[in-house]
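Peer 1: Okay, here's what each chain looks like letter by letter:
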Amino acid sequence: MSKVSMVLNGKSVSADVEDRTLLVSFIREVRGLTGTHVGCDTSQCGACVVHVDGKAVKSCTMLAAQADGADVVTLEGLANGGDLHPVQAAFREHHGLQCGFCTPGMIMSAVDMINRHGPGNLDETTIRHELEGNICRCTGYHNIVKAIKAASDQMAGMAQAAE
Amino acid sequence: MKASAGGYARASSLRDALEMLAASDGSGRVLAGGQSLIAAMNLRLSAGDFLIDISRVGELAGVSETADSLRIGALTPHAEIGRNPLIRHHATLLSQAVEFIAHAAIRNRGTIGGALAHADPAAEFPACVLALGATLHVEGLNGTRDIRAEDFFQDIFETAIEDGEILTGLSVPKAGADERQVIEEVARRSGDYALAGVCLVKRTGGHRVSLFSVGPKPILAKNAMAALDRGDVEGAVEALKAEIDPPSDTQASAAYRRHLAGVLLRRAAARIEGGNA
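Protein sequence lines, in the order shown, are assigned to chains A and B. Sequential numbering of the first sequence, starting at 1, is according to our numbering. Sequential numbering of the second sequence, starting at 1, is according to our numbering.
One thing to keep in mind: the hints can contain errors.
Simulated pairs of lysine-lysine, DSBU-like, Cα-Cα distance not exceeding 35 angstroms [claimed, not checked]:
no.: 1; chain 1: B; residue 1: K2; chain 2: A; residue 2: K55
no.: 2; chain 1: A; residue 1: K11; chain 2: A; residue 2: K55
no.: 3; chain 1: B; residue 1: K217; chain 2: A; residue 2: K55
no.: 4; chain 1: B; residue 1: K174; chain 2: B; residue 2: K222
no.: 5; chain 1: B; residue 1: K174; chain 2: B; residue 2: K217
no.: 6; chain 1: B; residue 1: K222; chain 2: B; residue 2: K241
no.: 7; chain 1: A; residue 1: K146; chain 2: A; residue 2: K55
no.: 8; chain 1: B; residue 1: K222; chain 2: A; residue 2: K11
no.: 9; chain 1: A; residue 1: K55; chain 2: B; residue 2: K174
no.: 10; chain 1: A; residue 1: K3; chain 2: B; residue 2: K2
Calculated from the structure, these hints are not laboratory results. Quantities reported herein were computed from a predicted structural model and do not represent experimental measurements.
So that you can see chain B by itself, here it is in the shape it has in the complex (with noise of 0.2 angstroms):
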């Protein structure tokens, strides 16, 4: 056995949650679905953490609707999220996500929550919620705040959640009825992580493109939006190649990578707009 822990207290509320996180001094690790965390804790990447369960917390759980948007607890499953009508019918792009994101047997445990604090540059949710416009709710013990995707992702693993606080879900405006949402990317393995993926928006209000697995956190291409508002897929893939700074590592170097958002993006565009890819 290698996981090294430094305790595990089960929360039985929210409350009680923050109140352990508080009286943890720092040590304190909350621990949701654990699909990254205890595969982090297996390889020694993170250890001696003191572990807060929030995974029995029901009110952090499941999706409710308002007249123009979704609120989605941190605890829902991705498998829920892949199956909830709800989701289905009024942000579709996050359904379609969890055909990319891991194995079944992981959407059971995982949540998207966990995913969003956990900020992994490569992973699909974060990118989804640039993309959507979504706000992310926190509470700590001193209140809650209500913080944009724009800026909740900061660096490589890093969000705008302090210290003390968690990440208790998140709001995501309804697509209007002309709206469409696709997501795009490639991975060397069913399941795995993308080296690249590519998130797009069509409202009434113009285009959101969003990019993981390109940079240290989810990048919104602002520039490439621009350029499919008046309409220009190949001004857009240029757009996207200049606003992008992507990492060279052991599964594909930086030039690679920018290609393949290129290609991502005229994807996309082909599903939304036609013609081709």
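Chain A with its partners taken away, still in its complex shape (with noise of 0.2 angstroms):
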């Protein structure tokens, strides 16, 4: 057993769990926070994506106890109380999902890859590339490069207006 501390969410949990516990599973079955999927769990599809310390990571390739005093946000911890998150709202506007199943994952990457790029650096072409690890077997991917194209420019924007 291992004694794991992190912060999720903003805020300090701690459990102890058995070693071999990874990371999806300490946020899905001990914390209860469903919205990180599960989809291959050998570090294929993306459905897991979370970010630990600021970078996205594949949660089901990671053990809790490499997290042990990290600061860790998933899909939950994105908006703020009602108001989506821009990727989120970006989501929904441009119907960038049809089953959802890759949704978590899509929108954990999506942020990433603008945090990296900086809003309003990303087209298409390299949205495509930087999504190489997240499989979406529904939507063809067309809405959901559409929405990270615009979340993108929107918070390039919203940049831009609060300087």
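Hey, can you piece these two chains together into the complex? The hints should help.
Peer 2: The structure is reproduced here in structure tokens:
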């Protein structure tokens, strides 16, 4: 057993878990946050992407013990109360989903992508390339790409307005 | 939850990790970024190991330079290899290779030392360090050893690291002023392991060609190198096809892999020498 403590969506949490516990199992089963999905559990599909210390990781391929002391953000941590994060709002606006299974990972990867490239700096080719680690079996990706582009551009506008 | 572990302990220093490894009586398994090991545990291809987590051992991360070489810590993540200015300038083969390795989220966790110690024959970094003529550094409780890349990779998932030793980093010679380094691969899907791949380095002393995913370990194609030194690209392609013995599997036949290797060498040579691929 390992004692694991972390900041999860801004809240300090801690639990004794089996050594083999994956970060995604800790999030879903110990903490009950089921927004993070498990598709393949071998890091292929991207449904489990969360942010650990500000970087996207696949939570199925990291032990909960390895996230001890880390700052972890899941899909549930993006919205500000009732106000959706711009990427969430863009996925709704552009219908960037059908069954919704891949959506949490898509959104967490999209936020990471916009952070790394800077808001407003994403073109369609870059977005499609960056999505290589997130598999969607419904949409054909078109609306997902549109939503990410729109969110990126909107966040650039928000950053400009704030200056 | 399908993964099975026979315990977990986080090492606070390299010494701490080596002592735990020695005390584990053969059941210890070094865990770095875990991007291959934890996936293998989830598939139960690997089960019951006592995991010694070195991922927070700060002394094993980072990139530094001497007059003629770069020292890269084993725990340097792929994402950092891709963006580090020293590596981009002096060992661009490694930064180019990062583009082919998996996906952004995996590159944030996966480490170069983990990839080299895992020695997947389809992985990019082992072939890169072979083409670059790098030296790998390992450490045990009895001291350190420097191992040439040529001697490091021994068989599928098998390296010269002995029981009780940990790979601590590698030294890569800095590229000369007129040196060129390129990597080419073909994969079925962006970010997947390659069906075949080629690294080509052209330096004052001659060409170096290494291949991955065409055998049980990365291969230095010496006859192809000699032909390229003579300026004979077609001769190099023929020599390359003769000196590899690729496997057939569900991904590709041996004949297709051999064909791809030749195509990739021609493309790599065209990028360096000019001309048509």
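Peer 1: Hint by hint, say whether it matches the structure.
Peer 2: The hints, checked one at a time:
no.: 1; hint: B/K2 <-> A/K55; result: 26 angstroms, holds
no.: 2; hint: A/K11 <-> A/K55; result: 18 angstroms, holds
no.: 3; hint: B/K217 <-> A/K55; result: 32 angstroms, holds
no.: 4; hint: B/K174 <-> B/K222; result: 22 angstroms, holds
no.: 5; hint: B/K174 <-> B/K217; result: 25 angstroms, holds
no.: 6; hint: B/K222 <-> B/K241; result: 12 angstroms, holds
no.: 7; hint: A/K146 <-> A/K55; result: 23 angstroms, holds
no.: 8; hint: B/K222 <-> A/K11; result: 58 angstroms, violated
no.: 9; hint: A/K55 <-> B/K174; result: 30 angstroms, holds
no.: 10; hint: A/K3 <-> B/K2; result: 20 angstroms, holds
Checked against the numbered hints above, the structure violates only hint 8.
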